[in-house]
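> Working from the sequences, and respecting the hints, build out all of it.
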Amino acid sequence: MSYVAHDATTLVPPAEVEEVELYHPKTFVGKYIWSQDAKIIAIQYAITAIGIGVVALVLSWLMRLQLGYPDTFSFIDPSNYLQFVSLHGMIMVIYLLTALFLGGFGNYLIPLMVGARDMVFPYVNMVSYWVYLFAVLLLGASFFVPGGPTGAGWTLYPPQAILAGTPGATWGIILMLVSLAFFIIGFTMGGLNYVVTVLQARTRGMTLMRMPLTVWGIFTATILALLAFPALFVSAIMLLLDLLLGTSFFMPAIVSMGEQGGQTGGSPVLFQHLFWFFGHPEVYIVALPAFGIVSDLISVHARKNIFGYRMMVWAIVIIGALSFVVWAHHMYVSGMNPYFGFFFATTTLIIAIPTALKVYNWVLTLWRGNIQLTVPMLFAIGFVFTFINGGLTGLFLGNPTVSMPLSDTMFVVAHFHMVMAIAPILVVFGAIYHWYPKMTGRMLDDTLGKIHFWITFVGSYGIYYPMHYLGMMGVPRRYYAITGTDFITESAHSVNVGITIAALIVGAAQLVFFYNLVRSYFKGKPSGGNPWNATTLEWQTPDTPPKHGNFGATLPLVYRWAYDYSVPGADQDFIPQNVPPREAAGSGSKA
Amino acid sequence: MNVFQQLTAKPWLAAGAAPEDLRHPDEAHRAAKKSALWVFLAVVGVLFMLLVFAYGGRMTYGDWRPAPQLKLLWANTFVLILSSVALQWAQVSVRRGQMDAMRVGLLAGGAFTVVFLFGQLLAWRQLGTMGYFDVTNPAIAFFYLITGIHGLHLVGGLVAWGRTAARVWGKFDVAAIRQSVELCTLYWHFLLGVWLVLFGLLFTGNNLDLLLKLCGIR
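Top to bottom, those sequences are chains A and B. Residues in the first sequence are numbered from 14 upward in steps of one, following my numbering. Residues in the second sequence are numbered from 212 upward in steps of one, following my numbering.
Calculated directly from the structure, the hints in this document are not laboratory data. Backbone N, C-alpha and C fix where the C-beta goes; we use that ideal spot for every residue, glycine too. Mixed in with the good hints there might be a few duds.
To be verified - Below, a list of computed lysine-lysine pairs in the DSBU-like style, where the Cα atoms sit at most 30 Å apart: (1) A:Lys560 / B:Lys244; (2) A:Lys39 / A:Lys463; (3) A:Lys39 / B:Lys244; (4) A:Lys536 / A:Lys44; (5) A:Lys44 / B:Lys244; (6) A:Lys463 / A:Lys536; (7) B:Lys245 / A:Lys44; (8) B:Lys382 / B:Lys244; (9) B:Lys282 / B:Lys424; (10) A:Lys560 / A:Lys538; (11) B:Lys245 / A:Lys560; (12) B:Lys382 / B:Lys245; (13) A:Lys538 / A:Lys44; (14) A:Lys463 / A:Lys44; (15) A:Lys463 / A:Lys538.
As the list claims (entries may be wrong) - Now the stretches of chain A that chain B is said to cover, found in silico as 3 or more residues with beta-carbon under 8 Å: (16) 243–251; (17) 270–283.
Okay, here's the thing in structure tokens:
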């Protein structure tokens, strides 16, 4: 392919853009509490999500302590253990990762990257955050009600989720379901904003195919979430009705604790279908923003245009679409028709094609790039490794014949933690190290960042690699203690001790990160407006951190895509999206 | 540029076309509102689609006991059609600049909707007092759930309708009202369509039977 200089573009004179009416509050409360500025809302989302995420991290420590050192801790009984498992999963998947990627990064980056002054409906955006906070508080409250939080597992399968005998089957499960319903209402408000802002509020010249992949990832993930969350919403409402009004949507005729229950005719499998119709897209709701962000991190820090931009966009969209037709691969052991399983195995394996395509493109972007091993780049490369590892075990679990014996073992836990816990969280860290300078005007400390990266990255493998072997041995997941089984050898217990130690170390390493966040806010090196020499619009704002309204008097005019790095003949190794061709030419690029 | 052309553009090459002109902020905001409604309708559409699938899936079980037919639902359906027609009239009137007719259409649309909701409550009561009523029968529970969720969406629509209706007296911004009426009308037509599907498939006594036969499930 021959290189065509951008100078050929007709120069469009910048037009005066009318000041969009934005609500400019005067007081501290108006600015930082009841804020309608997407950037502040983003930070509110991020702090809330990370706050509740830390709770979930501590829960995972408690689980690991029990598994590594059974019969040691008197404050962990079997009920507690199940509650820790359930809340850890629910918080991490929905209240941390979904909220952080879409509510956090979505709010911060979409308006800035597409060249908008704010989200299109700032008031709705603000309400979205407060509804989310309410959902988090409801969830948190379940720790303090009689019976404690639900112990039904993060999938909340009926009938056991609402039967007496399951921890938290009275108050805990009610709070959980109501909290989910509120989360979904809040998210829908935010999600409408993200989608419509991308569709309607892009600045002049920002065509769809000039958008950074970060925006593509968040945009597509938001559409997935908008279409998938209704399934969780109806299943939560129906489960709540089964519990409170005695309906039989999911509750079959059942004998519980020696007594015949009042319900008849419900279908627990129906819940599984509804849950996973949401649950599988949820994996990509978390993964697609990560895909987008990591593409940008790799391109910026390798000083090279992303390889196969169009393929990357299409792959994101295709993965999004396919994610709606694979849900039953979570249900191979539910007793469904084998032909059904065959269908879902096929669709599942087809997803490997666009996904592998993305991985190749990341690697090919790195190939002969001018790789800068900055902290964001380390995290991005760490992500690619981890995603490949997690993806490969997905091939095992996608095939029913292999999946069935591995079902409900530690192998599954290892697989999904690699692919949708460690991989996305590495991107979260990379993204924070990358955009923190824009949010605060200061750099995060590099040495602390590298310490944080290496302990987190290597430590995660210390946790999850051995877990695959435990799974292949048949060690079940969700068990409080494993006793009286011959097939689980003594060495499995030793491995468990090792995993627990690794988990404690990785968890503690996050303190380095939090310390870095706080210290750098006050004492970090001033970053300037564009410390990474990046091309995208958020780095071209007149102020850092950007003021409300983002771009000063005139909105930027976009002349090029987001990946003009190391353009032959140009003075600098990057040309920002809003630099007109003549200026780029005037600065030395070939005429 | 249509979507296909946009998605097949080669952004790494020089883009020849000048970026389209910037829209006036008001116009941009109206476009945003319209897009938002369409996205929201997609979300609501998925919600009801899932409920229909859940209902249909449950029907295929051997122990299915259909809910009794309620004649009242025919009357309710007719009233909901009237509300949509009234709003359509309001929309046509506002586009022609006939504000009095628009007001009549708007108010009639809201009034018919209230009557519909009242009728649905009456249907709930009717079913509740019948011998068939058994909350553990999924058909009965689904009836309450689905009509309830549909009704709540109309109540939400009535909030937007009320905000519009409150602004059509005295002096008002015609362009803004015109859009509000258009959005209300679109939303009402959509919920009418949803209701016709729900009513036709679930509550006319046919109970999806035909569809299941067509799909070869039954």
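> All hints are to be evaluated individually against the structure, with a verdict given for each.
How the hints compare with the structure:
The hinted pair formed by Lys560 of chain A and Lys244 of chain B meets the criterion: a straight-line CA distance of about 25 Å does not exceed 30 Å. With a CA separation close to 40 Å, the supplied pair Lys39 of chain A and Lys463 of chain A exceeds the 30 Å bound. A C-alpha spacing of about 27 Å is found between Lys39 of chain A and Lys244 of chain B, which places the hinted pair at or below 30 Å, so the restraint holds. In summary, the hint linking Lys536 of chain A to Lys44 of chain A is supported, as the alpha carbons are separated by about 24 Å, within the 30 Å threshold.
With a C-alpha separation of about 25 Å, the suggested pair Lys44 of chain A and Lys244 of chain B falls inside the 30 Å cut-off, and the hint holds. Restraint check for Lys463 of chain A and Lys536 of chain A: satisfied, since their Cα atoms lie roughly 18 Å apart, inside the 30 Å limit. Distance restraint check for Lys245 of chain B and Lys44 of chain A: the Cα-Cα separation of roughly 29 Å lies within the 30 Å cut-off, and the hinted pair is therefore satisfied. Restraint check for Lys382 of chain B and Lys244 of chain B: satisfied, since their Cα atoms lie roughly 22 Å apart, inside the 30 Å limit.
For the hint pairing Lys282 of chain B with Lys424 of chain B, the CA-to-CA distance comes to about 25 Å; that is within 30 Å, so the pair holds. Our distance criterion of 30 Å between C-alpha atoms is met by Lys560 of chain A and Lys538 of chain A, whose separation comes to about 20 Å. Of the pairs offered as hints, the one joining Lys245 of chain B and Lys560 of chain A holds, with about 28 Å between alpha carbons and a cut-off of 30 Å not exceeded. Restraint check: the Cα-Cα separation between Lys382 of chain B and Lys245 of chain B comes to about 24 Å, which is no more than 30 Å; the hinted pair holds.
Of the pairs offered as hints, the one joining Lys538 of chain A and Lys44 of chain A holds, with about 26 Å between alpha carbons and a cut-off of 30 Å not exceeded. Between Lys463 of chain A and Lys44 of chain A the CA atoms are separated by roughly 34 Å; this puts the pair beyond 30 Å, and the hint is violated. Taking the CA atoms of Lys463 of chain A and Lys538 of chain A, the gap is near 16 Å; set against the 30 Å cutoff, the hint holds. A stretch counts as covered by a chain when three or more of its residues have a beta carbon under 8 Å from one of that chain; for the segment 243–251 of chain A and chain B the count is 6, and the coverage holds.
Residues of the segment 270–283 of chain A with a Cβ under 8 Å from some Cβ of chain B number 7, which satisfies the need for three, so the listed coverage holds.
Figure legend: structure checked against the earlier numbered hints; hints not met, in rising order: 2, 14.
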